[in-house]
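Going left to right, the sequence shown walks through residues 35 to 355 as this note's numbering numbers them.
Treat the hints as calculated values from the structure; they're not laboratory data.
Keep in mind that a hint or two might mislead.
Quick list of the computed label-pair ranges, beta carbon to beta carbon [said to hold, decoys possible]:
hint, residue 1, residue 2, range
1, Thr-66, Gln-306, 30 to 40 Å
2, Ile-42, Gln-68, 11 to 21 Å
3, Val-67, Gly-260, 36 to 46 Å
Below are the BS3-like pairs computed for lysine-lysine, each with C-alpha atoms no more than 25 Å apart in a straight line [what the hints assert, rightly or not]:
hint, residue 1, residue 2
4, Lys-85, Lys-43
5, Lys-43, Lys-77
6, Lys-55, Lys-43
7, Lys-85, Lys-55
8, Lys-55, Lys-77
Glycine included, C-beta positions come from ideal geometry on N, C-alpha and C.
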Amino acid sequence: MIGTLMHIKSLRAFVTVLDQKSFQGAAAVLNTVQSNMTAHIRKLEAELGCKLIERAGMIRATSDGTRLERRAREILRLHDLAVADLRYQGKVAGTLRIGAMETTAARRLPPVLLRLGKECPELRLSLTVGSTGVLRDMMLRREIDCAFMARPMEGAFVSEPVFEETLLLVRPASCVDPFHPEHLADYPILAFRAGCTYREQAERMFEHAGVAPVIHEFGSLDAITGCLRAGMGQAVLPASYLEGVSASDAFYRYPLPRHLAECPTYLVRFAQTESRTVDMLAHVVNAASGAGTVKRHPVLRGKATSSVTKCRTTERAQGAR
35 MIGTLMHIKS LRAFVTVLDQ KSFQGAAAVL NTVQSNMTAH IRKLEAELGC
85 KLIERAGMIR ATSDGTRLER RAREILRLHD LAVADLRYQG KVAGTLRIGA
135 METTAARRLP PVLLRLGKEC PELRLSLTVG STGVLRDMML RREIDCAFMA
185 RPMEGAFVSE PVFEETLLLV RPASCVDPFH PEHLADYPIL AFRAGCTYRE
235 QAERMFEHAG VAPVIHEFGS LDAITGCLRA GMGQAVLPAS YLEGVSASDA
285 FYRYPLPRHL AECPTYLVRF AQTESRTVDM LAHVVNAASG AGTVKRHPVL
335 RGKATSSVTK CRTTERAQGA R
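With the sequences and hints as input, model every part of the structure.
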């Protein structure tokens, strides 16, 4: 029988250890020492009468720890919301945890976050970058409050298309031009790890062309761009990102078929969770439509689908526009 109440500090220590996969890393995030983190976890385990974290090898939650994690994150969210409401007297404040694809974070979000910061000076931002697959898992674990991703989510989520992206096949200056589908075999695909929607579109293009792709995986957008610059391979990237690439870089860019090229970015949030911070972010994003940055669409609750047709190439461009 549980004799004492769980403390907020102990719950925060618990979820931070899981997020960082390290007691030392969690201590650094919370500006304390590792022994304090260990003490908080042991206190929770003693109160609940069960083991919460596996310490052998990689840090991870036990089955009981996984059950507690979901509740702990919701308790912390409500606690922080209550504190912010009282401290800032109804102003939008606290910490907003945003997830985003790297291309979105690099090109789309800076003006949005700048305006958000001006309108809500008490608000603190935490931006995590990842693929759509990674962001989906983070939303399911409630590690972030919202996400900009290339696929909608169903169930307990609301997904609103906020950015229109046009995907291009980007090839190095050394490639054969004009381009034909059989030329896809000339270079490997430079892509993020599995779970990236842009990579999936590239794989569909190869599949329909009857070409087995060779895929080199990268962990950052800078690495992909650098290897494109070196002539190592080809990639599928949004046109909005390429607009910011240096004009000194000579890339050939070819449009994908419309059903592959049109790839909206969705703002995904929790349907039944009140969050003035996410509301304000959505307001700022939609307000940008007046400048032609964002197109408003109906909120989606279903899955995105696409078909595959033969790749056509009708445009070539050198450098960035």
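Now the hints, each set against the structure:
1. Evaluation of the 30 to 40 Å hint for Thr-66 and Gln-306 yields a pass: the beta carbon distance comes to about 33 Å.
2. In this structure, Ile-42 and Gln-68 meet the distance hint of 11 to 21 Å, their C-beta atoms being roughly 20 Å apart.
3. The hinted window of 36 to 46 Å between Val-67 and Gly-260 holds, with their beta carbons roughly 39 Å apart.
4. Restraint check for Lys-85 and Lys-43: the C-alpha separation of about 18 Å stays at or below 25 Å, so the hint holds.
5. For the proposed pair Lys-43 and Lys-77, the alpha carbon gap of about 11 Å is at most 25 Å, so the pair holds.
6. Our distance criterion of 25 Å between C-alpha atoms is met by Lys-55 and Lys-43, whose separation comes to about 18 Å.
7. Between Lys-85 and Lys-55, the direct Cα distance comes to roughly 16 Å. Compliance with the 25 Å bound is thereby established for this hinted pair.
8. Taking the CA atoms of Lys-55 and Lys-77, the gap is about 19 Å. The hint holds against a cut of 25 Å.
The structure meets every hint from the earlier list without exception.
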